[in-house]
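Line by line, the protein sequences give chains A and B. So the first sequence is residues 1 to 307, counted in our numbering. So the second sequence is residues 1 to 319, counted in our numbering.
Bear in mind the hints are in silico, worked out from the structure with no lab data behind them. A portion of the hints provided could be inaccurate.
[Said to hold, decoys possible] Some residues of chain A that are not near chain B, with every Cβ distance over 12 angstroms (derived): (1) Gly110; (2) Ser131; (3) Leu138; (4) Leu184; (5) Leu264; (6) Phe268.
[To be verified] One-sided and incomplete, this derived list gives chain B residues near chain A with beta-carbon spacing under 7 angstroms: (7) Leu27; (8) Lys30; (9) Met130; (10) Thr134; (11) Ala139.
C-beta: ideal position from N, C-alpha, C; glycine also.
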Amino acid sequence: MSTSLLIVQILNGLQLGVLLFLIAAGLTLVFGVMDFINLAHGVQYMLGAYLAVMFYSLTGSFLAALILALLATLAFGLLLEFVVFRHLYDRDHLDQVIATFGVILFLNQGVKFVWGAAPLSLPIPEFFSGSVVLMPGLLYPVWRLAIIGSGFAVALILYLLVSRTRVGMLVRAGATNAAMVSALGVNIRRLFMIVFGFGTMLAGFAGIMIAPILSVEPGMGDTILILAFVVIVIGGIGSIRGALIAALLIGLVDTLGRSFAVDLLRLFMAPSPARTVGPAIASMLIYLLMAVVLYIRPSGLFPAKGR
Amino acid sequence: MAALPKRLSTGDAIAITVFAVLAIFPLLAKFGTEGYLLALVTRVMIFAIAAIALDLIVGFGALVSFGHAAFVGLGAYAVGILASHGITDALVALPAALLVSALFAFVTGLVCLRTKGVYFIMITLAFGQMAFFTASSLAPYGGDDGLTVRMRDTVAGLPLLRSDGALYYVAFVCLLATFALCRALVVSRFGRVFRGARENPMRLAAIGFDVFRYQLAAYVIAGALAGMSGFLLANATNFVSPAYMSWQRSGELIIMVVLGGMGTLYGAIIGAAAFLFAEEWLSELTEHWKMIFGPLLIIVVVFARGGLIGLVFGRGRHD
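Build out the structure end to end from the sequences listed, making use of the hints.
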């Protein structure tokens, strides 16, 4: 376990954490404000990636693809809200789970139908291609640094929006007590449209940014969705700050666990069982973390609901 | 609550009809493509067991578990792992399947049941994923690829499960037993406390009931029954795979429960049949059947509250 490997894995962990934050931010606000479970949030991420690939092949420019794909995911998210989700706000969580599950089935198959089942890829934009020397003998891809940087930039913008603007104030109030905000004469449905559209765009943005380093394939949103759920549960539903901290925590724990579990276990046991048990423990680690957090604090680290 | 006796009588009539049809189905199947139909309905019954178990906690306790497939998978893995060590008798495998899934339910239940509502959904989902990824990384037992179970289990050394007809009736008996147990539980004193905990846990606690213990007991029972369904599934398919535990499977179980009519128990059987038949039928129609099935689900949720039973008998969901 060398220092440079540790630094690389910490950066990879931060990159995963930032990605999770982009997805979890929208999810946690949608939960917080409308008490709405949107399983289909993960497919927005997938859609962002697919749309970026499509617009890139049309325009040949990553920046144009980024902007067009963002607008398209926003439009599609609002369309989904209008056609499906709107009818579900007053229902119980079970109905929401099933209906949004239906949306996932449809869209996962839909992208297969439109773009085929084979994984697609998106080239890294020229300006950000290649690697940068962080330390003597330590190279790191520029694009991954760009993902980390843009993620923190989004976090900062989000923080300013939520804590400094009037809409942000309403969002915070809505996450704490939606009924009261509504009773005070705020159009909570419209507020929710804004939050929802913004969240959708963030998930799409995550998909676009990750597309150059992951393969773009049907179902790519499902795994990340579950991780995003773990993030918002640990962070406390409705809390942006909680989502950021939990996302970075999960990103780091997962990445470092997967890289070093076997090495760590070797300190206690023989190499061969360590190689068997290591990966199993590494993949359980974040769920164990969540279990411990929820056991101590059943509503997460920074619960937004004022009860 | 005043309508309870009447509701049960309609319900009992439906349940009796369902079981009567299932009991004579192998005779009817002789007129069709027997092997295929028999295997399909066996599959329906196996999933119906897990769905009834889920209905017990979702429909009567409002504990929306989104990780129920994990118990099915654990039961299946108990069969697979024992078989890979040469133990292929149901008298060992079935208790092992029940025990492992009950134990998992107990341990995770201790954490899950401390939370409520959305948190409960999320945390059960996460534990389900934990089981899924653990199974995927079990390299000695096939990892991602799963594990082939070479032969069906014997019962006390006798090859009782070898024929498909015998397996059908074993699944039938298990389903009947599951239904009878859950129905007895729901109307018992235990069931009244458990149902009461859904309505108003604080009031129950004030009368002196330890709500948590009742919920944990129901959660463990539901887990063990799902483990039994996993035991049957492994024997029916001769194959065990992490995919049995995937969160999509848990979602499908929830769909079965809601599709049939939540909080009825027999609805879970109808829901399982409706789901698996629709899957079978639509996937013959087109490779992209999920593009039809997804919107269908949304329509059912938006328009048919109370599931298919509610649609047919004109009753909304009562809660």
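Hint-by-hint comparison with the structure:
1. Gly110: It is violated; glycine 110 of chain A is separated from chain B by about 6 angstroms at its closest Cβ, not greater than 12 angstroms.
2. Ser131: 30 angstroms, holds
3. Leu138: 29 angstroms, holds
4. Leu184: 24 angstroms, holds
5. Leu264: Answer for leucine 264 of chain A: holds, closest chain B Cβ roughly 16 angstroms.
6. Phe268: 19 angstroms, holds
7. Leu27: 35 angstroms, violated
8. Lys30: 35 angstroms, violated
9. Met130: For methionine 130 of chain B, the interface hint holds, since the closest Cβ of chain A sits about 4 angstroms away, which is under 7 angstroms.
10. Thr134: At about 5 angstroms, which falls below the 7 angstroms cut-off, the nearest Cβ of chain A leaves the hint on threonine 134 of chain B intact, so it holds.
11. Ala139: Since the shortest Cβ distance to chain A is 6 angstroms, the answer is holds.
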